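Asks: Here's the letter readout for the chains.
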Amino acid sequence: MKISGINKYYKETGVHACNEVYLSTEPGNILALVGENGAGKSTLMNILCGSVSADSGRISVNDRNVKSGSPESSSLAGIGMIHQHPEGAGPLSVLENIVLGYEPRRFKIFTFLKKAELEILSIQKDFRLYLDLHKNCSELNSAQVQRMELLHLLYRKKDILIFDEPTASLSDNQIEELITIISRLKNEGKTILFISHKLNEVFRIADEIAVMRKGKLILQKPIHKLTPAITAQEMIGRAEDVNYPKRNHDRDLRKAPIIYSIENLSYRKSDSEFLSNINLHIHQGEILGIAGIRENGLEILENIISGMTHPQKGKLIFNDMDVSGESPAGLRIRGISYVPADRLNRGVSADSTIADNLILLNYKRMHKMGILAPASINKWAETMQNTYNIDGLPQQQIKHLSGGNIQKVILSRELRENPDLIIICEPSWGLDFSSRNQLHIELDQTAKRGTAILLISSDIDEILALSDRISVLYDGKINITEAKSEMNRKSIGEYMLGIRSER
Amino acid sequence: MISKTIIFMVPLLIAALGGLFTELAGVLNIALEGMILSGAYAAVIATELSGSLTVGIIAGMSASMLIALLFAFTSLHLKGNIFVTGLAINLLVPSLTAMFSKSLFGTRGVIRLEETLGIHNALFSLLLLLSFTLLAVIVLKYTAFGLHVKAAGINSAFLASRAIKPIKVQTIAIVISGAACGLAGALISLRLGVYIPGISAGKGWIALVAIYLGNKKPVPILIACFLFALAETFSDTAQGLIEIPATVILSFPYFITILGLVLYSIFRKK
Amino acid sequence: MKRTNRLFGHMAGTIITLVAVLIISIIFLLLFSSDKSESIYYFFAGPFLNSLSIGNMLSSFTLLVFSGLAITVAFKADVFNLGGEGQIYSGAIAATAVLVYLPGLNSFSGFILASLAAAAAGGMMAGISGVLKNRWNVDELISSFLLSNAVIHIIDYLITGPLWDKESYLLTTRTIDIRFQLLSFLRPSNLNSSIFGALIAVGLITFIFFFTKQGYELRICGMNREFAHYGGLNTAFYVTAPLVLSGALLGLAGSSAVMGIHHATIKGFYSGIGWNGIAVALIAGTNPLAVIPSAFIFAYLNQASETAMLKADFPFELGSLIQAIVFLLISSKIISDKANGIFALFPKKKGGIVD
Numbered sequence: 001m002k003i004s005g006i007n008k009y010y011k012e013t014g015v016h017a018c019n020e021v022y023l024s025t026e027p028g029n030i031l032a033l034v035g036e037n038g039a040g041k042s043t044l045m046n047i048l049c050g051s052v053s054a055d056s057g058r059i060s061v062n063d064r065n066v067k068s069g070s071p072e073s074s075s076l077a078g079i080g081m082i083h084q085h086p087e088g089a090g091p092l093s094v095l096e097n098i099v100l101g102y103e104p105r106r107f108k109i110f111t112f113l114k115k116a117e118l119e120i121l122s123i124q125k126d127f128r129l130y131l132d133l134h135k136n137c138s139e140l141n142s143a144q145v146q147r148m149e150l151l152h153l154l155y156r157k158k159d160i161l162i163f164d165e166p167t168a169s170l171s172d173n174q175i176e177e178l179i180t181i182i183s184r185l186k187n188e189g190k191t192i193l194f195i196s197h198k199l200n201e202v203f204r205i206a207d208e209i210a211v212m213r214k215g216k217l218i219l220q221k222p223i224h225k226l227t228p229a230i231t232a233q234e235m236i237g238r239a240e241d242v243n244y245p246k247r248n249h250d251r252d253l254r255k256a257p258i259i260y261s262i263e264n265l266s267y268r269k270s271d272s273e274f275l276s277n278i279n280l281h282i283h284q285g286e287i288l289g290i291a292g293i294r295e296n297g298l299e300i301l302e303n304i305i306s307g308m309t310h311p312q313k314g315k316l317i318f319n320d321m322d323v324s325g326e327s328p329a330g331l332r333i334r335g336i337s338y339v340p341a342d343r344l345n346r347g348v349s350a351d352s353t354i355a356d357n358l359i360l361l362n363y364k365r366m367h368k369m370g371i372l373a374p375a376s377i378n379k380w381a382e383t384m385q386n387t388y389n390i391d392g393l394p395q396q397q398i399k400h401l402s403g404g405n406i407q408k409v410i411l412s413r414e415l416r417e418n419p420d421l422i423i424i425c426e427p428s429w430g431l432d433f434s435s436r437n438q439l440h441i442e443l444d445q446t447a448k449r450g451t452a453i454l455l456i457s458s459d460i461d462e463i464l465a466l467s468d469r470i471s472v473l474y475d476g477k478i479n480i481t482e483a484k485s486e487m488n489r490k491s492i493g494e495y496m497l498g499i500r501s502e503r
Numbered sequence: 001m002i003s004k005t006i007i008f009m010v011p012l013l014i015a016a017l018g019g020l021f022t023e024l025a026g027v028l029n030i031a032l033e034g035m036i037l038s039g040a041y042a043a044v045i046a047t048e049l050s051g052s053l054t055v056g057i058i059a060g061m062s063a064s065m066l067i068a069l070l071f072a073f074t075s076l077h078l079k080g081n082i083f084v085t086g087l088a089i090n091l092l093v094p095s096l097t098a099m100f101s102k103s104l105f106g107t108r109g110v111i112r113l114e115e116t117l118g119i120h121n122a123l124f125s126l127l128l129l130l131s132f133t134l135l136a137v138i139v140l141k142y143t144a145f146g147l148h149v150k151a152a153g154i155n156s157a158f159l160a161s162r163a164i165k166p167i168k169v170q171t172i173a174i175v176i177s178g179a180a181c182g183l184a185g186a187l188i189s190l191r192l193g194v195y196i197p198g199i200s201a202g203k204g205w206i207a208l209v210a211i212y213l214g215n216k217k218p219v220p221i222l223i224a225c226f227l228f229a230l231a232e233t234f235s236d237t238a239q240g241l242i243e244i245p246a247t248v249i250l251s252f253p254y255f256i257t258i259l260g261l262v263l264y265s266i267f268r269k270k
Numbered sequence: 001m002k003r004t005n006r007l008f009g010h011m012a013g014t015i016i017t018l019v020a021v022l023i024i025s026i027i028f029l030l031l032f033s034s035d036k037s038e039s040i041y042y043f044f045a046g047p048f049l050n051s052l053s054i055g056n057m058l059s060s061f062t063l064l065v066f067s068g069l070a071i072t073v074a075f076k077a078d079v080f081n082l083g084g085e086g087q088i089y090s091g092a093i094a095a096t097a098v099l100v101y102l103p104g105l106n107s108f109s110g111f112i113l114a115s116l117a118a119a120a121a122g123g124m125m126a127g128i129s130g131v132l133k134n135r136w137n138v139d140e141l142i143s144s145f146l147l148s149n150a151v152i153h154i155i156d157y158l159i160t161g162p163l164w165d166k167e168s169y170l171l172t173t174r175t176i177d178i179r180f181q182l183l184s185f186l187r188p189s190n191l192n193s194s195i196f197g198a199l200i201a202v203g204l205i206t207f208i209f210f211f212t213k214q215g216y217e218l219r220i221c222g223m224n225r226e227f228a229h230y231g232g233l234n235t236a237f238y239v240t241a242p243l244v245l246s247g248a249l250l251g252l253a254g255s256s257a258v259m260g261i262h263h264a265t266i267k268g269f270y271s272g273i274g275w276n277g278i279a280v281a282l283i284a285g286t287n288p289l290a291v292i293p294s295a296f297i298f299a300y301l302n303q304a305s306e307t308a309m310l311k312a313d314f315p316f317e318l319g320s321l322i323q324a325i326v327f328l329l330i331s332s333k334i335i336s337d338k339a340n341g342i343f344a345l346f347p348k349k350k351g352g353i354v355d
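Protein chains in written order, with our numbering: chain B, 1 to 503; chain G, 1 to 270; chain H, 1 to 355.
Calculated from the structure, these hints are not laboratory results. Computed from a predicted model, the values in this text were never measured in an experiment. Please note that a few of the clues may not be correct.
Claimed, not checked - Here are the simulated DMTMM-like pairs of lysine to aspartate or glutamate, each with C-alpha atoms no more than 25 Å apart in a straight line:
#1 G/K102 / H/E38
#2 H/K333 / B/D351
#3 G/K141 / B/D132
#4 H/K213 / B/E326
When you get a sec, could you build the whole thing from the sequences and use the hints?
Replies: Pasting the structure below:
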C-alpha cells in the first residue's frame with residue numbers, strides 16, 4: 001500500500017490536517033503511526049477509508065489506484081478500519097452485528113445465519129479470536145466490541161487493517177491480548193496500521209514507526225533505528241515554534257495559603273475515560289498547569305472541577321469548604337469562575353447576541369425590580385467591549401465573531417466577577433498568535449492580583465509558558481507534580497506519553 | 001363478546017404491526033391515524049366505482065402508501081421535524097377526503113356502499129390476527145430487511161458504516177406502515193360499508209400506544225391490542241352496565257401510556 | 001425519537017413556505033371550483049366584504065393569537081407543548097364551572113376568577129409535562145399530547161354527563177349569565193372584547209421576554225441549555241415555567257371563547273384552535289410580536305376559504321389543507337438551507353465585522 005502526496009486543508013478551522021503526506025507499507029508488516037492530538041493521524045486514516053476525501057494526492061493498493069473519498073473503493077481495495085470507540089447495534093446478537101449489511105441469504109430475502117456462523121467460527125479458529133456469537137452486543141465490554149469489529153473485517157476478507165488507538169479503551173490485560181492477536185494477524189500476512197500515542201506499546205508491537213506532527217509526516221523508520229526518547233522528541237517537536245510573552249516567576253507561592261484542593265478524586269466514565277485517586281492543590285495567586293491527553297481524563301477532570309459532573313469518590317475543597325456536590329451556580333457564588341474548552345457550545349450561546357452573552361453573570365446585579373432594560377444591557381456590553389477590545393456591535397450574534405474575540409467575551413465576563421479561582425481549559429484552541437499572547441498576558445496579570453488559575457491544557461508549550469507548577473495526567477492518574485523550573489518540554493512529553501513516571 | 005373483541009382488533013393490530021416497523025426503524029410515526037383514514041376512504045371510493053371489494057382493498061392500501069411516501073419525503077428527505085410532518089399528514093388526509101367527496105359525489109361526508117365486506121366471523125378474524133403477527137415475526141426475525149430495520153433504529157450510524165443507507169430502510173419501513181394502515185382502514189370502512197369522516201376514531205394513536213405497551217415486540221403488541229379492543233367493546237356494548245362511563249374509558253389508553261413512559265424512563269435510568 | 005434543536009428561525013424558509021401555500025391554494029381554487037374567477041375573487045376579497053366576515057375573521061384571529069402566543073412561549077424556551085387542545089378545553093370548562101356554579105359573583109369578579117381558573121387549569125396541565133420532563137426525563141412533546149387527549153375525553157364526559165344542560169339539544173354545558181358575557185362587536189359576528197386581551201397578552205409576553213430578568217433567563221435557556229447551566233441559571237425551572245405559562249395562555253384562549261363567543265363550553269369547540277396555534281407559532285418563529293401577523297394570515301386564510309366555499313361554491317375548506325402544507329414544509333432543514341442560498345444571492349446590508 002502506498003500513500004503519496006496527500007493534502008487536506010479544512011477551510012472552516014484553517015487547519016492543514018495533512019500536508020504532503022507520503023507513506024508506504026507491505027503485507028505482514030505492522031506500521032505504527034504516532035503523533036500528538038491534532039497531528040493529523042485521524043484525518044489521514046479517514047482519507048484512507050474513504051470517509052474523508054483528500055484535496056490532492058493518491059492512494060494505491062497493489063499498484064491499483066483507490067478512489068479518494070469513496071468508502072466503496074477503499075473497501076474494495078481491502079482496507080478496513082477499527083475505530084477508536086467501536087460501536088455496535090446494542091440489542092442485536094454478536095453474530096448479527098458481524099454480518100450486518102453482508103448477510104448470506106437464502107431465497108434472496110431470508111438471512112442464512114447458520115452459514116455465516118460456520119464461516120465466522122472457522123475464522124475464529126484460524127486467528128484464535130474467541131467471542132460468543134449468540135450474546136447480545138450490549139453485554140460486551142469495549143475489548144469485545146473491538147474484537148467483534150475485527151471479526152467483521154476478517155469476515156469480509158480485509159487485508160489492510162487500521163487500528164485507530166485500539167488500546168485507548170482497554171485495560172492492561174486486554175492490551176496484552178490485543179497485542180497477541182495483532183501479531184497473529186501479522187503472521188497471517190495482513191498489513192497492519194496501528195495508530196497510537198502510547199509509545200511503550202508501539203515499541204513492543206511495531207515493525208516500523210511513522211511520526212506525524214502538525215499535518216506533516218516527520219519520519220518513517222524501522223523500529224530498531226529509533227528509541228522511545230527520540231520518537232517522543234520528534235512527536236512533540238524540538239524548538240519552540242512561537243515566542244510566548246515572558247512571565248515573572250520570581251514569586252514564591254509555596255507559603256501562600258492553599259485556596260483549592262482535590263482529595264482522592266476518582267471517577268469512572270468508561271474503561272478509557274477515568275480518573276483514579278487524584279490529589280492536587282493550588283495556592284493563592286498561583287497558576288497550576290495540568291497537562292495530559294484530552295480523551296484520557298483531562299475532559300472529565302474539567303467537567304468535575306467545574307461542577308458540570310459530580311465526583312464518584314473524593315472531595316473538592318474550596319476555601320476549607322467541601323464543594324463536591326455543588327452545581328456551577330453554587331461554585332460561581334463561592335467565587336470560582338470557569339472558561340470551558342468547548343467555547344462554542346458551553347462558553348457562549350452562539351445564536352444569542354454579544355450583549356446577551358456578556359451579561360450572563362452580571363445581569364442579576366443590573367435589573368431594577370426584575371426589569372432588565374435593553375438600553376442598560378447595551379451600555380454594559382459596550383463598556384466591556386471597550387475595556388477588553390472586543391469587536392462587533394452589542395446586538396450582533398456572537399457566532400459571527402472570530403475565535404479570539406469569542407474567547408475575550410468569555411474571559412472578560414469571568415474576570416469581571418473577581419473570582420478567587422479560575423478554571424481555564426484549552427484557552428488557546430483556535431486562536432491566532434496575537435490573540436493567544438494577549439490572553440497569556442491577561443492571565444499573568446490576573447494571577448498577579450492574587451487569583452488562583454487552574455490551567456487545563458493538552459498543549460505542552462502553553463503549560464510551560466504559563467504555569468508556576470505543572471501536573472501531568474496519564475492513565476487517569478497524576479503522574480507527577482513539580483515546579484515549572486524542574487520541567488521542560490521533553491520531560492513533560494515523556495510523562496504525558498507514559499514513558500516516564502514518578503509514581 | 002370475545003368474538004366481537006376479536007373482530008374489532010383486526011384493523012388495530014394490522015396498523016400496530018405496520019407501525020412497529022417504523023418504530024423499530026427509529027421513525028416516530030404519528031401519521032398512522034391519517035394513513036388509516038386515507039385507506040378507509042380510498043377503499044370505499046374504489047369499491048363504489050368498481051363494484052369490487054378486492055379493488056377497494058388494493059386502492060385503500062395504495063392510497064395509504066402514497067401518503068406514506070409523502071410523509072417519508074418531507075420528514076426524511078427534506079429533513080423536516082418528524083412530529084410536525086406527522087401532524088401534517090393527519091391534517092392533510094381529512095381535508096383531501098372532504099375535497100374529493102365534494103367534487104366526486106357532491107357530499108362533504110358520508111359515503112354508503114351497497115355491499116359490505118363480510119368479516120363477521122371471529123374464527124376467520126382470529127386466523128387473520130395470528131397470521132399477521134406471524135408474518136411480522138418472520139420478517140423481523142428471519143429476513144435481512146428485518147435486521148436492517150432494527151439496526152436503523154438502534155444505531156443508524158453503525159448501519160451506515162456497513163454501506164446501507166438508513167434513510168432508504170426507513171423509507172421502506174414507512175411505506176410498509178402505510179400499506180398496513182391502508183389495509184386496516186379498508187377493513188374498517190368496508191366492514192361497515194360506509195365512510196364517515198373521522199371513521200379512524202383514534203385507531204392510529206391507539207396503535208402507537210399499543211406498540212409502546214407491547215414493548216415493540218409483535219406478540220405483546222397482539223396482547224395490548226386485545227386489551228384495547230376489549231375496552232372498545234366494553235364501551236360499545238356495556239354502556240350503563242358498568243360504573244365507569246364509556247367516554248372516560250377512552251381516556252385510559254392515554255393515561256396508561258403516560259404511566260408506561262414514566263416507568264420506562266425510571267427503569268432505563270437504573 | 002431525537003429532537004432537532006432548531007425547528008425554524010430562518011426567515012427565508014418561512015417565506016418560501018408561505019409562497020408555496022399561496023400557490024397551492026390558488027391551484028386548488030382553479031382546479032376545483034366551478035366558477036374560477038368568482039372563487040378567486042371571494043378568496044382574496046371575501047373576508048373584507050361585510051362586517052360579518054370581518055368580525056368572524058377577527059374573532060378567530062383573537063383565539064389564534066392566544067394559542068399561537070402560547071406555543072411561541074414554549075418554543076422560545078426550546079420546549080414543546082402539543083397539549084393545546086386539552087389545555088384550551090380545560091380552561092374553558094374551568095371558566096364555565098366558575099361562572100355557572102360559583103354564587104355571588106359580579107361581572108368583574110366573575111371575569112377575574114374565571115380567567116384565573118382557566119389559566120390555572122391550562123397551566124397545571126402543561127406544568128405536569130414539565131415536571132415529568134425534569135423528574136424522569138419523559139419527553140414533554142409526547143406527554144403533553146397524551147395528557148391532553150386523556151383530559152379531552154374526561155371533559156367530554158363532564159359535558160355530556162354531570163354538567164350537561166338538559167334544556168339544550170346541543171352537547172353543551174349550561175350557559176353563563178349574561179352579566180359575564182364579554183362585549184360583542186360587529187354583531188352578529190363572533191367578535192368580542194377579548195381581542196384586546198389577546199393583544200395585551202402579546203405586549204405582556206414581549207415585555208417579559210425582552211425587558212425582564214426572567215425573560216433573559218428564559219431566552220438563554222431556550223438558546224443553549226448547557227450554556228445556561230454553565231452560567232448558573234436554573235435550567236430545570238425554565239422547562240416547567242414556560243410550559244405553565246404556555247398552558248395558562250391556552251387556558252385563557254378557552255375562557256375567552258366561553259365568555260366571548262359560545263357563552264358555554266360546547267363539546268369539541270377547541271378543534272382548529274389547538275393545532276392552528278402551532279402553525280401560527282411555527283410561522284412566527286419564536287418572536288412574540290410576529291404572532292400578530294402570523295395569526296392574522298391564518299385567520300384570513302380560514303375566513304377566505306370559508307367565504308369562497310359559501311359564495312362561490314368552492315368545494316371544501318382550504319384552511320386545514322393550508323395548515324397541513326405549512327406543517328409539511330416549515331420544519332424542513334433542506335428547504336430552509338436552499339432558501340437561504342437563494343436569498344444570499346441578493347446583496348445584503350453589511351453589518352460590521354466578519355472575520
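Asks: Compare the structure with each hint and give your call.
Replies: Quick rundown of the hints versus the structure:
1. G/K102 / H/E38: Measuring from Cα to Cα gives roughly 18 Å; hence the hint holds.
2. H/K333 / B/D351: Holds: H/K333 and B/D351 sit about 17 Å apart, inside 25 Å.
3. G/K141 / B/D132: Given that 25 Å is the threshold and the Cα spacing comes to 20 Å, the pair holds.
4. H/K213 / B/E326: holds (24 Å)
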